[in-house]
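Once you have looked at the hints, place chain B on chain A.
Order-wise, the sequence lines are chains A and B. Mapping of the first sequence onto the working numbering: residues 15 to 435, in sequence order. Mapping of the second sequence onto the working numbering: residues 586 to 817, in sequence order.
Be a bit skeptical, because a hint or two may be false.
Said to hold, decoys possible - Dumping the calculated DSS-like pairs for lysine-lysine here, alpha-carbon to alpha-carbon at most 27 Å:
hint	chain 1	residue 1	chain 2	residue 2
1	A	303	B	805
2	B	699	B	668
3	B	699	A	32
4	B	716	B	699
5	A	64	A	303
6	A	185	A	171
7	B	716	B	668
8	A	303	B	699
9	B	805	B	601
Read the hints as simulated data drawn from the structure, not as lab findings. What you are looking at is a predicted structure, and each value in this text was computed from that prediction instead of being measured.
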Amino acid sequence: MMFPALLLITLRQWRTHKLRLALTTLGIALGVAVFFAIRTGNSTLLDSLKSTVEKLAGKATLQVTAGESGLPEQVLETVRATPGVRIAEPVIEVIADTSFGDEGRLLVLGVDTTGDRELRDYQFDRSRREIADPLLFLAQPNSILLSRAFADRHSLKLGDRLSLFTSEGRKEFTLRGVFQPVGIGEVFGGNIAVMDVYSAQLVFNRGRNFDRVDLVNSADVPIETVQQRLRERLPGGVDVLRPEVRGEALENAVTAMRVGMLISSFVALLVCIYIIFNSFTIAVNQRWKEIGILRAVGVERRNIRRMFLAEALLMGVLGSLLGIAGGYCLAGAAGSWEPLLLLLTGSCPLLRELPSSSASPWPRLCWGLPLPSRVLGFLRGRRHSWIPCWHCIISRRVKRKPCSGGAAWVRAGSWWRRAWP
Amino acid sequence: MIRLTDVSKNYGSNRKVRALRDVDLHVAPGERVALMGPSGSGKSTLLNLICGLDEPTTGTVTVAGAVLSELSDDARTRMRREKIGMIFQTFNLLPTLTALENVALPLRLQGIAKRETERRAFSMLERVGLKERATHRPNELSGGESQRVAIARAVVFHPRLLLGDEPTGNLDSAAGEEILGLLGELHREQHCTLLLVSHNASVAGYCERILTLRDGQIIKEERCERGRAESR
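In isolation and in its complexed conformation, chain A is listed as follows (with noise of 0.2 Å):
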């Protein structure tokens, strides 16, 4: 009933304190901001992660690993002599630093470019012949197909020289072909170059070593039966792993990273809580007074809380909506991370996507950020609301007794309303 009549008093209040009514908008925006980018950031991080791991492995079914050491060439043998396996590649990966120095790290694949097409998708760029010359390109060992990304960013066309920086040192490159930003392309942003996996072993001193091996099991034996018969063919210290699985390994390498960011996230959040409480503190000492008077006209307490209380939501729904905002613009920024990611991770990917619209903390974050504003709004509000009020309307009890409760907020609140210009 007398709502419109409280609404008029806050507005007018925020009318006269528009610099209070700005940094504490902007207090809970910054804090919402920070809060969600982070959110966002980490939602992308494992997005790009799942994405890569599921484009890098194709269509494979089972992959066979064996930490850094890698696995003898008769482990091929081995795979492929198996029951039940349809398909088996070997895979060299190698991480490399190029000569352009705003583009970060290139991941080097090397498969066997005419069996792994079974296994994943490449695309030649066949309308543009750019696909020169199989032949060559098996025999040199410096050979190497980019992606069309990548290519296009760098004016690279095909017989141009690539320099590669690997823990090996430097190694020269001729590009061979160029392959379309579908399947495997879409990795990393193009990051990523393919190679023949035996002149891998060779340029990056694998010996007769593979990385890994890709494998896809026969359509009428299932998965488990074919990993339970490698495992009892296979020499101990090597792992026979679902791709997937191998996802949620890497995203357990990056646990520690995304906790930390998590941890910064509510930091920031806990930052944005005190500059509200602290508001709230010098908006409700500055108001004691008027608190008073509309006690003595007739206004009940629950009506004082509540007026703090619209104000708090007014004030959240304000500065979250800003945050949001402003949180989705810095997450936006967030590319700028990748080579941050990469070198974090070593093998973790340089992410180039925003997140899909399924991981989006939107409708959550939406209705659950406000309320840090409005607990707080409903807290100051109470406990003013309870003040005996002739406390506030006898100007010179006022002096004598102010905010009493002496809690360390309110001497908090009391310093910056000193400090208020």
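Only chain B this time, still in chain A's reference frame:
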């Protein structure tokens, strides 16, 4: 209209400060009463008890037939909103609202439509001679003008009881006389009960009965002929 029976009020952590001691008081409807006494005699405490802003330590306070100690806080607040008008020494206008909005506030709190509240508030401002100051904020008004706005706010909803706590305390003597004259006129028009607290002797001249309070007790009660004539 007002009945206090054996009312005492103690303050302090051990309730050692006795602001009021066994006060008995009866004010009839429509009566004009002045409560006089030096500072610290318990005048404002008595007023706070009557308007339900505070509760007595012992005794009962009855206003308009309701025993205040038996009412909930919300019920006492509702009674203030609907039946009691209050005027303060420091005016206590809301600084962010205009004079018109301040006067309209009690009506709006009662849920009356905005247009009607503005019409009645403007009419009341006109009655107290501040029609031209309707859109001014309290910091743009003089002390006398602010008190007239406060009076307009207190009487705009035709309260049955009008309480004044040192209504002329912050004003010079001319403005004070003007305010007392206005209060007298409004009392005659609205037939409300008027209880004024003051240590200013000139206030007494506008009331029918004068009570003198000292050390928390009513020590003297006298009739004032001028006040009786004024009220007629």
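- Which numbered hints are broken by the structure, listed smallest first? Hints 1, 5 not satisfied by this model.
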